[in-house]
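Throw the hints in and build the complete structure from the sequences for me.
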Amino acid sequence: MTKYPVNKIILFSSVDGPGNRTVIFLQGCNFDCKYCHNPETRRLCIGCGTCVTKCPAGALQRSEENGGQVVFLPEKCVSCDTCIHICPHDASPRIRPMTAAEAFEAVKRQMPYIRGVTVSGGECTLYPDFLRELFALCKEVSLSTFIDSNGTYDFASDPELMAVTDGVMLDIKAFSGEDHLTVTACDNRQVLKNALFLAEEGKLFEVRTVIVPGLYDTEQTVLETGKLLKDYCGQVRYKIIAYRPMGVRESYSHYPVPEQALLEDYAERLREMGWRDIVII
Amino acid sequence: MRPITMERVEQTRAEILETIKSPVLTHEQKVATMANKADSLMEVLDLPEGLDELLNESIDTKCICDLNEGHAPVRPRYIIPDYAKFMREGSEFLQLDPPKDLFEALNSLLIFYKHVPSVTNFPVYVGALDELLEPFINDVDEETAKKLLRLFLIHVDRTVLDSFSHANIGPKPTKAGRLLLEVEEDLEQAVPNLTMKYDAELTDDDFALQAIKTSLRSAKPSFANHKMFSSELGEDYVIASCYNGLKLGGGSYTLCRMILSNIAKRADSLKDFQEKQLPYVMDIMARYMDARIKFEVEESGFFQNNFLAKEGFIHQDRFTAMFGMVGLAECVNILMEKEGKSGRFGHDKEADELGVAIMEQINDFNEQHVNPYCSVTGGHFLLHAQVGLSDDREVSPGTRIPIGEEPEELFEHLKHCSLFHKYFPSGTGDIFPIDTTVHKNPEFLLDIIKGSFKDNLRYLSFYSSDSDVIRITGYLVKRSEIEKLRSGVAVLQDTTALGMGAADNCRIEERKVR
Ligand code: SF4
Ligand code: SF4
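Quick note, the sequences are listed as chains A and B, same order.
Note that my numbering numbers the first sequence so that position 157 is 511, with each residue one more than the last.
Note that my numbering numbers the second sequence so that position 280 is 307, with each residue one more than the last.
Read the hints as simulated data drawn from the structure, not as lab findings.
The C-beta atom is built at its ideal place from N, Cα and C for all residues, glycine as well.
Hints may be right or wrong, so weigh each one.
Here are the simulated DSSO-like cross-link-like pairs (lysine-lysine), alpha carbons at most 30 Å apart as the crow flies [as the list claims (entries may be wrong)]: (1) A:Lys430 x B:Lys467; (2) A:Lys357 x A:Lys493; (3) B:Lys481 x A:Lys362; (4) A:Lys584 x B:Lys467; (5) B:Lys442 x B:Lys539; (6) A:Lys362 x B:Lys365.
Just a few of them, taken from the derived set where beta-carbon distance is under 10 Å, the chain A residues facing chain B [said to hold, decoys possible]: (7) Ser367; (8) Gly373; (9) Asn374; (10) Thr376; (11) Gln464; (12) Met465; (13) Pro466; (14) Arg469; (15) Val633.
Computed footprint of chain A on chain B; a stretch qualifies when at least three of its residues, placed anywhere within it, have a C-beta under 8 Å from a C-beta of chain A [unchecked claim]: (16) 429-443; (17) 475-485.
Here's what the structure looks like:
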């Protein structure tokens, strides 16, 4: 049974899709967003050992049998976050390797209080096998299934996954290809293709854009995305997220926080285009 | 009537004088307080032996508390008039014909409320307002209807001066219900308390979502598990006072409570608690309640002479009584310590199992005890998780986990509630302050309500952690009114003083925000 790196499980979440959901965060991401708010979820641990000696609670150990791999002891952890702050590799040692079936059990516990599950990251579509297997199990007990994605996975190529996925929340980090490269160091053609494909399939629940003034053309991104999905604006939510420096790596934490008025203005202009469900956070 | 000592008379006279001179009591509050003082001189009940030592003790040792019902009950504690009958037939005593339109309906209700007694002298139940008003709601356009409801609710808040007064809406969506919720969202008032009877099969999501939005502004309505209550009490149950399930057209003669933590202090071991102390106190409290009920039914004349009974708005045979308890958490923790164990209520399987075992024992006792005047509930009292008093110290309401010790995860907290809510047809409930800057998603709470009721929870309340109206233990108080009272100014509603006491003594403001 393949084990997948689970960074965290939030039992009840009100912000990751419709209703109350359990959210599973998988470790690892293929983007390099300058403003990443959870940089410790970006890479897999390489076992360098730096964090082991710094943990004040003795919650981290090196396993000699397993070639020095770091073992996390959750009962001892005091959640001081020292390890993720000092890790030089944008990783976290607090990873629970879980099979899809184990992850399902961790979700099922919260029934009947939850409506479904959302898998987030990192970038969870790096593990499509996990998603397919977990979602199929969720469907058997009528839990709804959502993906939180940066949009680099070609959803159209995976009908099996689409068959068990109820909705996707998609980041539109920047609209122009150039800006997208600046923000994420990756190209965005697949992202925009996905936005349209998922909307056509009725599976685009939400698009979201983090507004970072000065980093890229935020106005163009919101308005062009609004236009691109104009035909679906009655069914898709637009979440406009204000950049905040919390959690962002020091070298990138100098961007200004956008004014509320700017966010309201974007929302108003989306409304003029016909968008109805707009959330500012 | 038994004689009393002159010393007691003198002491009471001194208290009455103090009441008269009080700078922080309103006139109505003084009159009510003086009436209670006068009543305290009465000795007419046939009291069980051993009661005195359990009842008349300081708050950290007394095992039984009769919640200020007085020595010679002049009326049942909680009265639940059948307002629908009043709407259909009017009242001869009140010289009112049945209302013909919304104006008359609201006016008639306001008149009726002034004639419904209770332990607080204010009605603890003001009706299923949506059902009562729905037949009239299309008499006027929607704007006028809202204006009328607004004036009606302001009138109630400023004249029913006690937030143990409760209105019900639901489970079925109605226009009147929706308008009431919209108006309450806007008013942010403490009175009346409000419960939505919720049943996923009867209550549509839009109606429930409006109720959630209202509750995050004005800390009400709370949500009652309609399936559970109606299976126990029948379709004609109501929620009154804090969160008490009672029969329409009936009510509760009395409510006494056991302070379980103080009973645990008397025990030298778990065995002693279960075999001697708890059974001893339960027996005395039940017989004390029997004596109160006997006086009310057989001697007070209330059911023979009051117009509510004479005109059939209430029926003595629809009354029952509430067998209350507080401090299960502290009781369990004390007993665990006495057994040399460290597990705590709300965090440890063994401690929680002990809590369940104690509840089973209380439930068994209650099912054995028969009172001839409680036939509507099978001859037995109904268990009640009492919400506490403002001068309680180190005693958590009912079966609640102490404030400050709540489980980290809301999920674990709800799971814990699901172990205990089923025992209390006459009321229990848990309260959750919600951080609305995070949870801008009312469907999140709706899912929690749906799940909770599937998982045997009975009653849930939410409020926004930053709203002015907050839920103290079962009732509502405005933070701004507490501040006025704290600065030494008299305030309108008598529950504000209770809220202030609870905020000072029971750490209400330190509840874990979800
Ligand atoms: S988490 Fe980071 S610091 Fe710790 S062992 Fe892995 S790579 Fe090294
Ligand atoms: S957060 Fe990291 S460093 Fe802190 S106790 Fe837990 S494992 Fe150790």
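Satisfaction of hint between B:Lys467 and A:Lys430, Cα-Cα up to 30 Å: This hinted pair is violated, its Cα atoms lying about 34 Å apart.
Does the CB of A:Met465 sit less than 10 Å away from some CB of chain B? 7 Å, holds
At a Cβ distance under 8 Å, does chain A reach at least three residues of the stretch 475-485 of chain B? holds (count 6)
Satisfaction of the A:Arg469 interface hint, Cβ to chain B closer than 10 Å: 5 Å, holds
Take the shortest C-beta to C-beta distance between A:Gln464 and chain B; is it under 10 Å? Holds: closest Cβ of chain B sits about 6 Å from A:Gln464, inside 10 Å.
CA of B:Lys442 to CA of B:Lys539, is that 30 Å or under? 16 Å, holds
Straight-line alpha-carbon gap A:Lys362 to B:Lys365, limit 30 Å: This hinted pair is violated, its Cα atoms lying about 39 Å apart.
Coverage assertion for the stretch 429-443 of chain B with respect to chain A, Cβ distance below 8 Å, three residues required: holds (count 4)
Using the nearest Cβ pair, does A:Ser367 come within less than 10 Å of chain B? Holds, about 8 Å.
Holds or violated: is there a CB of chain B closer than 10 Å to the CB of A:Pro466? With a closest approach of 4 Å, the A:Pro466 hint holds.
Restraint status (C-alpha distance of A:Lys357 to A:Lys493 at most 30 Å): Answer holds: A:Lys357 to A:Lys493 is near 21 Å, not above 30 Å.
A closest beta-carbon separation below 10 Å is what the hint needs, so does A:Asn374 meet it against chain B? At 4 Å from the nearest chain B Cβ, A:Asn374 passes the 10 Å test, so the hint holds.
Checked against the numbered hints listed earlier, the structure breaks hints 1 and 6; every other hint is satisfied.
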